Each structure stands twice: as C-alpha cells, then as structure tokens.
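Visitor: Each chain is listed here by its residues.
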Amino acid sequence: MNPALQGLITIIIGVGGCVGYFYGANLFLDKVLFRAEGPNAGRNINRANQIRPWLFLMPALLALGLYLAYPVFATLRLSFLERLPGNEYAFVGFDNYTRMFAEPKFMEALRNNVLWLVVVPAAATGFGLLAAQLTDRLSWGNIAKSIVFMPMAISFVGAAVIFKLIYEARPEDVAQIGILNHLYLTFGGDAPRQWLQIPFWNNFFLMAVLIWIQTGFAMVILSAALRGIPEETVEAAIIDGANPFQIFFKIKIPQIMSTIVVVWTTITIATLKVFDIVFAMTNGQWETQVLANYMYDKLFRANDWGMGSASAMIIMLMVTPILVWNVYNARKEMQ
Amino acid sequence: MDAMAGRKPAVVWALNISVVLLVALWLFPTLGLLISSFRTGDQITASGWWSALFPAEQTMQIRVADPDDNRVDLGNGRFMVEGNIFDGAGFAGELNAWGTSSRRLGEFEPGVAADLGDGETLTLQADGAYIWEGNDDQISGRAQRVFLDVVTPPDFTLENYNFVLFDENNSEGMAKAFFNTLTVVIPATIIPILIAAFAAYALAWMDFPGRAILIAIIVGLLVVPLQLALIPLLSLHNAIGIGKGYLGVWLAHTGFGLPLAIYLLRNYMVGLPRDIIENAKVDGATDFQIFTKIILPLSFPALASFAIFQFLWTWNDLLVALVFLIDASGQTTVMTKQIVELLGTRGGDWEILATSAFVSIAVPLAVFFAMQKYLVRGLLAGSVK
Numbered sequence: 001m002n003p004a005l006q007g008l009i010t011i012i013i014g015v016g017g018c019v020g021y022f023y024g025a026n027l028f029l030d031k032v033l034f035r036a037e038g039p040n041a042g043r044n045i046n047r048a049n050q051i052r053p054w055l056f057l058m059p060a061l062l063a064l065g066l067y068l069a070y071p072v073f074a075t076l077r078l079s080f081l082e083r084l085p086g087n088e089y090a091f092v093g094f095d096n097y098t099r100m101f102a103e104p105k106f107m108e109a110l111r112n113n114v115l116w117l118v119v120v121p122a123a124a125t126g127f128g129l130l131a132a133q134l135t136d137r138l139s140w141g142n143i144a145k146s147i148v149f150m151p152m153a154i155s156f157v158g159a160a161v162i163f164k165l166i167y168e169a170r171p172e173d174v175a176q177i178g179i180l181n182h183l184y185l186t187f188g189g190d191a192p193r194q195w196l197q198i199p200f201w202n203n204f205f206l207m208a209v210l211i212w213i214q215t216g217f218a219m220v221i222l223s224a225a226l227r228g229i230p231e232e233t234v235e236a237a238i239i240d241g242a243n244p245f246q247i248f249f250k251i252k253i254p255q256i257m258s259t260i261v262v263v264w265t266t267i268t269i270a271t272l273k274v275f276d277i278v279f280a281m282t283n284g285q286w287e288t289q290v291l292a293n294y295m296y297d298k299l300f301r302a303n304d305w306g307m308g309s310a311s312a313m314i315i316m317l318m319v320t321p322i323l324v325w326n327v328y329n330a331r332k333e334m335q
Numbered sequence: 001m002d003a004m005a006g007r008k009p010a011v012v013w014a015l016n017i018s019v020v021l022l023v024a025l026w027l028f029p030t031l032g033l034l035i036s037s038f039r040t041g042d043q044i045t046a047s048g049w050w051s052a053l054f055p056a057e058q059t060m061q062i063r064v065a066d067p068d069d070n071r072v073d074l075g076n077g078r079f080m081v082e083g084n085i086f087d088g089a090g091f092a093g094e095l096n097a098w099g100t101s102s103r104r105l106g107e108f109e110p111g112v113a114a115d116l117g118d119g120e121t122l123t124l125q126a127d128g129a130y131i132w133e134g135n136d137d138q139i140s141g142r143a144q145r146v147f148l149d150v151v152t153p154p155d156f157t158l159e160n161y162n163f164v165l166f167d168e169n170n171s172e173g174m175a176k177a178f179f180n181t182l183t184v185v186i187p188a189t190i191i192p193i194l195i196a197a198f199a200a201y202a203l204a205w206m207d208f209p210g211r212a213i214l215i216a217i218i219v220g221l222l223v224v225p226l227q228l229a230l231i232p233l234l235s236l237h238n239a240i241g242i243g244k245g246y247l248g249v250w251l252a253h254t255g256f257g258l259p260l261a262i263y264l265l266r267n268y269m270v271g272l273p274r275d276i277i278e279n280a281k282v283d284g285a286t287d288f289q290i291f292t293k294i295i296l297p298l299s300f301p302a303l304a305s306f307a308i309f310q311f312l313w314t315w316n317d318l319l320v321a322l323v324f325l326i327d328a329s330g331q332t333t334v335m336t337k338q339i340v341e342l343l344g345t346r347g348g349d350w351e352i353l354a355t356s357a358f359v360s361i362a363v364p365l366a367v368f369f370a371m372q373k374y375l376v377r378g379l380l381a382g383s384v385k
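These protein sequences, in sequence, are chains D and L. Take the first sequence: its letters are residues 1 to 335, numbered as in UniProt numbering. Take the second sequence: its letters are residues 1 to 385, numbered as in UniProt numbering.
Treat the hints loosely; a few may be bogus.
Computed beta-carbon distance windows for the label pairs [to be verified]:
#, chain 1, residue 1, chain 2, residue 2, range
1, L, PHE28, D, GLY188, 17 to 27 Å
2, D, ASP190, L, SER235, 48 to 58 Å
3, L, ASP66, D, TRP286, 45 to 55 Å
Quick caveat, the hints were computed from the structure, so don't treat them as lab data. Every value quoted in this text rests on a predicted model; they were computed, and no experiment measured them. Beta carbons: idealized from backbone N, C-alpha and C, even for Gly.
Can you build the whole structure from these sequences, using the hints too?
Guide: Next comes the structure, spelled out in structure tokens:
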C-alpha cells in the first residue's frame, strides 16, 4: 500500500479511534454502567466520577507504561543476560558490565561523555545568558534572538553537514572551502588541518555543534527570566553605585539562579543522549566515541544485546540524579 | 534603568557590535550551507562560499576554437578564426587582461591586438570576442592558448535542487525520503496530542487518589533516555508482528512524545481560570463537555506549542527511524538517514550534500519562523516556574 495513503488511514483510524474511545467510554459510563437516575442516582454519579479520570488517562498510561516504563526494566533485565543462538538467554550476572568496563572503547566513550557533560551545558548556558543579556534592551534584539534561536529547528544531522563544511580541509595548494581552515591559514597557520581527526580536541569540534543548537534554547528561557526580575532591585543597586558588572553578577544572576539550574539540567539531559552528531560526523572514530553511539554500535552492529543494554543502563544511571531532582522539585511545587 | 547598556555612546556601540558578532557567528554556518546549495560543484571547490557573493577575479586558461574547423579564408594566404572565448566555457565574465604565455599573465589589455610574431595577431575584447589572424601555417593545427584574467559575476544555479528533488535517474534523490519523512511526521504529531490532552485534563482538573504520584511519574519519565527503549520495543514489535515499519515508528514517537505533551498541557490547563470551569459545572456540564467545549479551545496555544515541538522532533529524528522504521530494503528511508548515507558515499560532493541537507532543513525552518511565538511560549511553560 502507498505509505502516504497508509499514513492518511492511520491518521483517520488513530484520531477516530481516540475520539471514539473517549466519547464512547464516557457515554458507556454515564448511560449504561452508572445511570444517573433511579433510586441510586446520587451514588451512581459519584461512582462514575471516580472512574472517569482513569478513563481519560487510560490510553496515555498504556502508552507511557509500554513505551517508557517497561523498557527501563526490560533493558535492566537484558543487561544481565547473554543472548544465545536460537532466541535463548543465559543469566550472566554482571559479566556484561565487567566486559564492557574492560573495553578501551567504552572507557573512551565514558570519558568523552563526561567531557561533553561538563562543556556543553556550561557553554550553552553561558552563551545563552550572554545573548539574553546583550539583546535585552536592544532595538533589534528580537531579530538577533530569532537568529540565535534558529538552530533549534535544525536537525542534528543537518547541523552535522553544516559543520562538516566549516571543518572541511583541502590540500594545501588549492583554495580552502572550509571557513575554519581559511581563517586558520589567514591568521598564520602553516597547513590546513583535518579538524575532526585530531584526537581529544576533535571532541570540542563536535561539541560546538550541540552548543550552537542549544544556546538559543538557553537564551529564550533566560531572557524571559531576566525580564521577570523586579525593576526596583536593579534601580536600588544603581542608586547605591553598583557598576554594570556588579548588577549583572550580584543582583541579576542570583535572582534567576533557579532558572539557570533548570536550563542547565535540561541541556545536560540532551547532551547525555547525544547520538546523531557523532554518528553522522565521525561515527566514533578518532577517539570521539560517546555512550549513545557506543550503545548503537553494540546493539545493531555487533548484535551484542547484553553489552548494549548494559551501556544503556549506564546512560540511565547518569540521568537518574536529574530525574530524582526533577521529581522532588515537581512534588515540592505542587504542595 | 538601562544599567548594562548605560547611556554612553561608546557602550551602546560596543553592545551593538558584540551582538552583531554573536548573530554572525550563529547565522553564518547555515548561510554557508544555503549559499553552497546554489553553486555548482566546480564553483564550490574553486572558492569558499563567502566569496560567492562578490564578483570573483580568477585566472584561467582556454583555447580558442579549433582552427582547422573554423578558419575563414580571407584571401592572399590569410586566414582568420572569429568567436567568443567564453563559448563552451560554461560561464561568462568580464575580461580584465589577458596573455598568451603562462609566464606573462595579463600582458595585454582587452581590445589590444597582440602581435604573436610573423604577422600573426590575436585581438581579444572585454566581452570575450576574439579575432585570430595569420597565414595558412599559423592558423592551423592546435588552437592558440590564451590566459585570461576574468571577473565573473556572482553566479547561482537551481540545478542542484532540480537534481536532488526532481531527477528521476538520481537514485540518491531526496524526493522519496521527503515524502517518507512527511508520512512519519504527520500521524506522529497528531495522535499524541489527542491522547495527551485528555490525560492532561484529568491530571489538571479532576480529583482522584494517586493524581500527585502520577504527575511525579510523568515528570520522571520526561528524562528517561529513549535509548533504553530500543531493544525491548523492537523485540516487542517483532513479537506482535508489527516489525519495522510506519506503524512501529508512529507508536514509538507517540510513546516518546507523551510525557512532554502531558506535562506541557497540564501546566497550561492548571493555569486556566477556575471560575469558568466551576460555573460550567454548576450549569450542569459534564467533564466531557467541559473538556471539549471549554478546555480544548482555551488550550490552543499549548496544543500549538506541543505540536511544533513534536513536529520538529519527529522531522529531525534519526535514531527512532533507524531502529523502528528503516528496514534492509531502504524503501522507507527518511531524510536524516539519507543525508547520513550521502555523507558516507558523496563526502566531497558538497553541492549534493548541501542541497540535500537544505531540503531537509527548509521545512522545519519555515515552521520555526512562522510559529516562533508558540514555540517560545511552550518552552517557557515547560521550564520556567
């Protein structure tokens, strides 16, 4: 069947099914199961209202349970198993983990991921804060913000192509078409460099892509937070003779600290899961491996589900502190 | 009031200049790709994209037309070849200077008749027209070489887009992948919205035991990496017969998009005025009516924000498509996957790469600029408390 047609039918079935479910189940509850008439009308209405929330929640809970909650446990289980020929599994304890930690490529991925986690959120939040502050009172600030925000819409793969063009190196005797090598040679570099093939430093050239994408996100949110700062606090500081830097670092930053933390953790999560950029630009060669790409390698190239799941659990483990912190905050806020 | 910028012109200038630099830094990467997508492969390798916007001065070596085929007998043993040097060169430009030897480039001005010895002359005009004249011996055999110093105007072409999108013989074209991406994205955007809206209403405005815990769980699920879901769900899809295909990828995107959808919509719905909902209840409206007639229309901004997020995310996704959609036949490849393939096979063909990448970037960019307001609102609802 034509995929477009299939898509159209899916939309109709999906949307129709959802509407039908919600409408039908609601009708069934009110008109069949607990009719709001007769001697028990009051009790029936109460009962129906107890069940209704679950009716509304059911599809979402099913999808969440199946697609997000169940996999966490299934992956945990797989990480302790070894897949044998013939769709059989053997329990191997922590064997997958010990084998993984003995692999230099895994340690490289772990080191790089930590490096990404340190650099990207800090740089993106920092640039975002800078952009938010600089454009704050500018007449053309909104246009500037739009442009810094724009990479948000660009896919990691698209950004990978964009930055590959920037890092492109051509032989020394012909014109350089990568702007980085062009600038490097213009400002006294001796020979064009293959930027993505210089171990260790190439990690930073990959990180630049994610920083470029995430800065806009940080800027938008921090810009709103900066605008939310009460004017009086800044005015009072000016009257007291504070210089602009003191106002920024001692008055404004402390007041938006909670927002900075939210931005920082959100970008941290995105960084932890980074896959497309490395996959498209170096595929983990030249010591640029990261956990998500390592996991993909293990799962779909080496077909080693045990080690693949074990590395996925490492990613989960690294997310867990943020998860706990987010849940704690959400609960605190609701009370 | 304007503490950072101050009132001093110098500070205002410094501020403006630093923002210009910042904007340039963020704009130029994309601009480079866009400009490259309108240049031919030869142009891209000859000079950086930043020089494409200005007339380029370049030296090149061209031969005049073959004398044995083109010469005209002038009588008295004199022969002549007439033509335009840019014919067949594939471009046109303005001649600055020219020469007949690689050692003396730019020896002659345009319009000057160069004496090549023994009465052989060559005259070259600024527009490339030339007359080459001499005796039988001179105007035969190999054609005369000329070294040109030309200024070519900025030259852009739509040929790359034509090739990438509409060329039937191009097996690496983007047209199919474009429609595949669209087929993935539309159901994967619409279905989670509907499911999430009902759930968000229940979590925002209906009172039932366990509500707070559910909200906490959803906040937790927001950050669960979808990497964990790959193998268990692929096994599940294979076990229940969905396998790799559109249905699988729609379901996966729905599942992965739901926590953010529910979270955003609930946060928005909770903020709706309590009076409206209570008045409606007093007037005898059921929850279902309140939801469809009041909450849903009022929540349009939040629905739009999530729709944009989900659209961008599914359009730009690579991993979920790789795992749940693209099978060995490659018939269902999406644009991101196609570009990764091209990076491998056509790594140096920047005209193809840049154009293919821009085809995939163009739609999200258009959506971004058209709906930026909702995107910003959604981000703020999701992050600032």
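Visitor: Let me make sure I understand: some of the numbered hints might not hold for this structure. Which ones are they, in numerical order?
Guide: Violated hints: none at all, because every hint is consistent with the structure.
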